[in-house]
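Number of protein chains: 2
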Amino acid sequence: MRIAVIGGLAAGPAAAAEAVRANPEAEVVLFEQTPHISVGACEIPYFIGGRIEQASTLEVLTPSEFEKTRGATVKVRHRVTTIRPRERSLTVDALDFGSVHEERFDRFILATGARAKRLGIEGEDAPNVFTLRSLDNAIDLKAYLDAERAHHVVIVGGGYIGVEMADELRRRGLRVTILTQTGRVLSKALSEDLASPVSEAVRARGVIVRGEVPMRFEVDRTGRVKAVHTDKKEIIGCDLVLVAIGLEPRTTLAEVAGVRLGKTGAIAVDDGMQTNVANVWACGDGIEVPRVLDGKPVYFPLAPVARRSARVAARNAARQGRGGRATFAPITQTIAVRAFGMEIARVGVSLNEAREAGIDAVASSVQHWSRVKTYPGANPLWVRLLVERGSGRLLGGECVGQEGAALRINTLVPLIREGYTAQRVRDEVDLMYTPPLAPAVDPLLVAASKAAKAAIRRSR
Amino acid sequence: MRIAVIGGLAAGPAAAAEAVRANPEAEVVLFEQTPHISVGACEIPYFIGGRIEQASTLEVLTPSEFEKTRGATVKVRHRVTTIRPRERSLTVDALDFGSVHEERFDRFILATGARAKRLGIEGEDAPNVFTLRSLDNAIDLKAYLDAERAHHVVIVGGGYIGVEMADELRRRGLRVTILTQTGRVLSKALSEDLASPVSEAVRARGVIVRGEVPMRFEVDRTGRVKAVHTDKKEIIGCDLVLVAIGLEPRTTLAEVAGVRLGKTGAIAVDDGMQTNVANVWACGDGIEVPRVLDGKPVYFPLAPVARRSARVAARNAARQGRGGRATFAPITQTIAVRAFGMEIARVGVSLNEAREAGIDAVASSVQHWSRVKTYPGANPLWVRLLVERGSGRLLGGECVGQEGAALRINTLVPLIREGYTAQRVRDEVDLMYTPPLAPAVDPLLVAASKAAKAAIRRSR
Chain A
137 MRIAVIGGLA AGPAAAAEAV RANPEAEVVL FEQTPHISVG ACEIPYFIGG RIEQASTLEV
197 LTPSEFEKTR GATVKVRHRV TTIRPRERSL TVDALDFGSV HEERFDRFIL ATGARAKRLG
257 IEGEDAPNVF TLRSLDNAID LKAYLDAERA HHVVIVGGGY IGVEMADELR RRGLRVTILT
317 QTGRVLSKAL SEDLASPVSE AVRARGVIVR GEVPMRFEVD RTGRVKAVHT DKKEIIGCDL
377 VLVAIGLEPR TTLAEVAGVR LGKTGAIAVD DGMQTNVANV WACGDGIEVP RVLDGKPVYF
437 PLAPVARRSA RVAARNAARQ GRGGRATFAP ITQTIAVRAF GMEIARVGVS LNEAREAGID
497 AVASSVQHWS RVKTYPGANP LWVRLLVERG SGRLLGGECV GQEGAALRIN TLVPLIREGY
557 TAQRVRDEVD LMYTPPLAPA VDPLLVAASK AAKAAIRRSR
Chain B
137 MRIAVIGGLA AGPAAAAEAV RANPEAEVVL FEQTPHISVG ACEIPYFIGG RIEQASTLEV
197 LTPSEFEKTR GATVKVRHRV TTIRPRERSL TVDALDFGSV HEERFDRFIL ATGARAKRLG
257 IEGEDAPNVF TLRSLDNAID LKAYLDAERA HHVVIVGGGY IGVEMADELR RRGLRVTILT
317 QTGRVLSKAL SEDLASPVSE AVRARGVIVR GEVPMRFEVD RTGRVKAVHT DKKEIIGCDL
377 VLVAIGLEPR TTLAEVAGVR LGKTGAIAVD DGMQTNVANV WACGDGIEVP RVLDGKPVYF
437 PLAPVARRSA RVAARNAARQ GRGGRATFAP ITQTIAVRAF GMEIARVGVS LNEAREAGID
497 AVASSVQHWS RVKTYPGANP LWVRLLVERG SGRLLGGECV GQEGAALRIN TLVPLIREGY
557 TAQRVRDEVD LMYTPPLAPA VDPLLVAASK AAKAAIRRSR
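Just so you know, the sequences run in chain order A and B.
Under the numbering used here, the letters of the first sequence match residues 137 to 596, in that order.
Under the numbering used here, the letters of the second sequence match residues 137 to 596, in that order.
One or more of the hints may lead you astray.
[What the hints assert, rightly or not] To spell it out: a stretch of chain A is covered by chain B in this simulated footprint if at least three of its residues, at any positions, have a beta carbon under 8 Å from a beta carbon of chain B; those stretches are: (1) 173-184; (2) 472-486; (3) 509-519; (4) 540-551.
[To be verified] Partner residues are not named here, just some residues of chain A that face chain B (Cβ under 7 Å, in silico): (5) 187; (6) 188; (7) 191; (8) 263; (9) 439; (10) 468; (11) 554; (12) 564; (13) 565; (14) 566; (15) 569; (16) 570; (17) 572; (18) 573.
Please keep in mind that the hints were generated in silico from the structure rather than gathered at the bench.
Here the structure is a predicted model, which means the values were calculated and not measured.
For every residue, glycine included, the Cβ atom is placed at its ideal position computed from N, Cα and C.
Assemble the whole structure, with the sequences as input and the hints as a guide.
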């Protein structure tokens with residue numbers, strides 16, 4: 137059996153390795169159009185900020201290391217242009233040889249991933265407008281920063297990447313302005329009450345956050361952006377722009393092969409990561425996956441989920457009478473970031489998402505401490521829990537603080553998966569307690585106690 | 137209804153407050169023989185080490201603050217000498233008045249707690265031999281350290297308190313020797329492979345750990361201990377001894393009232409925290425409680441469990457036709473400590489405990505990282521998981537590292553409660569990932585992956 141894995145950033149290598157493990161007799165070939173596979177995309181901001189010095193360390197394994205240790209063949213600088221599942225073949229463009237040829241495969245795993253969204257406005261193609269997705273983007277941006285005397289960066293987008301990059305660029309001494317529609321950072325990730333300590337930390341580091349949308353980039357005679365014109369008719373002079381407004385799935389290859397997309401615009405798969413086309417599986421940042429709350433497919437392009445979907449796709453693609461069918465467990469939408477000295481993390485659905493799903497949900501927040509309050513180094517820790525009104529079933533959580541916020545979100549993951557109510561969390565879950573690391577009643581339990589009460593309070 | 141709560145350290149105040157909340161018409165009286173209630177016993181080592189400066193901050197609420205905010209009557213310096221549940225009365229010795237009198241109560245909640253175990257050897261009553269349990273013990277020890285020029289302390293016992301105190305006394309510049317039966321610290325809490333980084337940290341700070349048992353304390357002409365004679369016929373000169381060999385339940389009052397003790401020697405209660413005697417409930421560090429694995433009662437005197445049992449006892453004692461009966465959920469035995477720059481935590485049962493319960497268990501350990509390895513500040517993190525052979529069901533876990541170890545143990549709590557297998561942990565649990573706070577595959581998931589394989593490996 138020959139298995140083609142298309143795409144080598146994160147899910148692809150995981151799928152290729154797992155396919156070999158699941159069926160050592162299969163011949164597995166990994167195609168990647170860039171020169172790199174197995175890239176730690178989440179480390180890119182720290183590479184640009186200089187905390188991680190070598191670009192090479194972002195490449196977890198080189199193609200030849202991968203071949204040696206994982207047993208799959210790797211073809212970098214090979215762009216797959218078409219797959220024909222029915223004919224069991226694909227067309228591949230060997231970029232370094234200028235040759236296009238056809239290869240026969242029995243099964244296909246699409247790991248084509250995502251690309252950075254673009255604004256689609258005038259001036260966006262200027263050489264000093266960057267997005268951040270690939271290692272090459274990162275190397276280009278860093279080279280530009282090292283070579284040119286950039287002074288003021290405008291970051292379009294206040295999501296995770298925007299905030300991480302703002303922190304890293306401040307570290308490099310640049311002036312930073314963030315443009316977001318809402319006028320605050322992380323507005324999708326955090327409710328307003330938990331966002332305020334984060335906004336304060338961002339402001340304290342001198343980053344300006346403006347509630348404006350860029351309408352066009354004005355370029356100078358050399359073709360470089362020198363100012364951003366916004367919807368509020370403001371002109372913001374700058375010498376570098378970073379567009380960080382999210383990701384969108386790469387689906388062209390799938391669509392041409394007749395693979396169906398879901399409502400989110402990403403590739404639709406069943407719980408075995410199989411597409412609607414026989415012999416085609418998909419995984420990674422190009423697909424939509426079900427969420428725990430109600431099984432509804434969501435687009436959640438994050439490395440741990442990508443890797444998990446890759447293992448399921450690969451096991452099912454590679455098995456031939458061997459072992460049972462692997463299934464993908466719905467996701468809890470766990471996400472965390474650290475920037476401006478704050479840990480920011482969330483899990484589950486937001487109030488809006490719960491309401492859209494027809495659930496009467498109620499949120500409550502507490503401000504507590506990361507350690508026993510009198511123990512040196514204790515910091516405020518904010519926890520917000522979202523529960524179903526009446527039952528108190530835990531639907532989501534947010535946590536913010538200088539320490540201990542992100543790992544506390546992990547504890548909510550199984551609790552949300554298992555449908556714990558806030559009452560049960562308060563009454564049954566024994567969290568560790570020691571003064572240097574947690575207060576006598578953990579912030580999560582304080583929050584659960586408050587949420588349990590809020591759940592049974594009469595609706596207004 | 138009049139409810140007597142006997143004992144005011146931690147469980148007692150929690151029970152008294154909850155009883156008032158559950159039945160605001162009940163008259164609740166809290167008796168405590170010392171002058172303090174609501175003491176943060178776990179903070180004591182940091183008070184002695186000087187990280188927490190004021191003894192007063194260890195008293196979370198003064199008796200009068202407690203009365204005002206919680207609505208129960210507090211009688212400190214009142215020692216209850218007998219309870220007669222059938223006659224609905226108790227005898228109390230008002231220590232400051234020298235008067236003994238009888239009071240009528242309908243219901244009794246025993247929160248008499250635990251005392252520090254003693255060695256029962258010659259010289260143990262010397263004024264420079266200390267235990268650490270009450271605020272008074274702590275104040276005495278600190279006063280002794282501040283007044284006398286102590287130079288070398290022998291700590292008998294290498295458990296959590298022994299290790300915390302060794303760290304704090306080193307901070308004060310004292311020489312410290314720990315005597316343990318096994319010759320290593322935390323030998324009950326940690327398996328040998330995870331103990332070694334801890335032992336290294338302890339040694340690096342100049343603490344000597346000896347595998348010896350004290351046979352007698354030799355006193356000088358003033359009656360103070362000047363040397364410890366051990367079972368290996370060694371003589372260790374010292375000018376202060378701390379005996380920290382664990383706790384034992386205080387049960388005299390219960391036994392006199394006809395309350396049955398369990399196999400552990402602590403007070404036996406049902407799942408509503410009721411004793412075998414009508415109108416008598418018990419909670420806190422004096423009782424035994426069921427563990428998640430098999431419901432077997434264990435003695436686990438720790439504040440969060442004590443507080444949880446107090447709420448159940450109080451709700452059941454206070455209700456009178458109001459609300460349902462509260463039940464106590466079995467414990468996961470979660471425990472953590474931070475000392476010598478290391479976080480050390482565990483949850484669930486040990487290999488020995490699993491074997492004693494007739495379970496064929498298999499343990500496996502991994503050494504991974506606290507952050508992405510290339511991110512500055514990444515430290516080694518050790519995780520050991522214990523699973524049932526065959527099924528892979530998670531039974532227990534240990535985690536050690538300079539950061540992120542204790543909070544990771546919290547994530548295992550619901551997973552153990554819900555009987556997750558290592559395979560399901562690996563395949564279903566989405567833990568957060570961001571380079572400054574966690575590697576791409578969290579150490580818990582790396583450990584789960586290894587444990588899943590170990591579970592299905594054939595037994596030797």
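Structure-based check of all given hints:
1. Chain B is given as covering the region 173-184 of chain A, and this holds because 4 residues of the stretch bring a CB closer than 8 Å to a CB of that chain, at least three being needed.
2. Residues of the region 472-486 of chain A lying with their CB closer than 8 Å to a CB of chain B number 6, which satisfies the three-residue condition for coverage.
3. Only when three residues or more bring their CB closer than 8 Å to a CB of chain B does the claim for the region 509-519 of chain A stand; here the count is 3, and the claim holds.
4. Under a criterion of three residues with beta carbons nearer than 8 Å to beta carbons of chain B, the stated coverage of the region 540-551 of chain A is upheld, 10 such residues being counted.
5. Satisfaction of the interface hint for residue 187/A is found here, the shortest Cβ-Cβ separation to chain B being roughly 5 Å, below the 7 Å cut-off.
6. The restraint placing residue 188/A at the interface with chain B holds, with a minimum CB-CB distance near 5 Å, inside the 7 Å limit.
7. Interface restraint check for residue 191/A: the shortest CB-CB distance to chain B comes to about 11 Å, outside 7 Å, so the restraint is violated.
8. Against a cut-off of 7 Å between C-beta atoms, the interface hint on residue 263/A is violated, since the closest Cβ of chain B lies about 28 Å away.
9. Interface restraint check: residue 439/A against chain B, minimum CB-CB distance 6 Å, threshold 7 Å, status holds.
10. Contact between residue 468/A and chain B, as hinted, is supported at the beta carbon level, the nearest pair being about 5 Å apart and thus within 7 Å.
11. With a least beta-carbon distance of about 5 Å to chain B, the hint placing residue 554/A at the interface is held under the 7 Å criterion.
12. With a least beta-carbon distance of about 4 Å to chain B, the hint placing residue 564/A at the interface is held under the 7 Å criterion.
13. Given the 7 Å rule on beta carbons, the hint for residue 565/A holds: about 6 Å separates it from the nearest Cβ of chain B.
14. Residue-level restraint check for residue 566/A holds (minimum Cβ-Cβ distance to chain B is 4 Å; threshold 7 Å).
15. The restraint placing residue 569/A at the interface with chain B holds, with a minimum CB-CB distance near 5 Å, inside the 7 Å limit.
16. The interface hint given for residue 570/A holds, since its Cβ lies 5 Å from the closest Cβ of chain B, which is under the 7 Å cut-off.
17. Given the 7 Å rule on beta carbons, the hint for residue 572/A holds: about 4 Å separates it from the nearest Cβ of chain B.
18. A hinted interface residue such as residue 573/A counts as satisfied when its beta carbon comes closer than 7 Å to some beta carbon of chain B; here the least separation is about 5 Å, so the hint holds.
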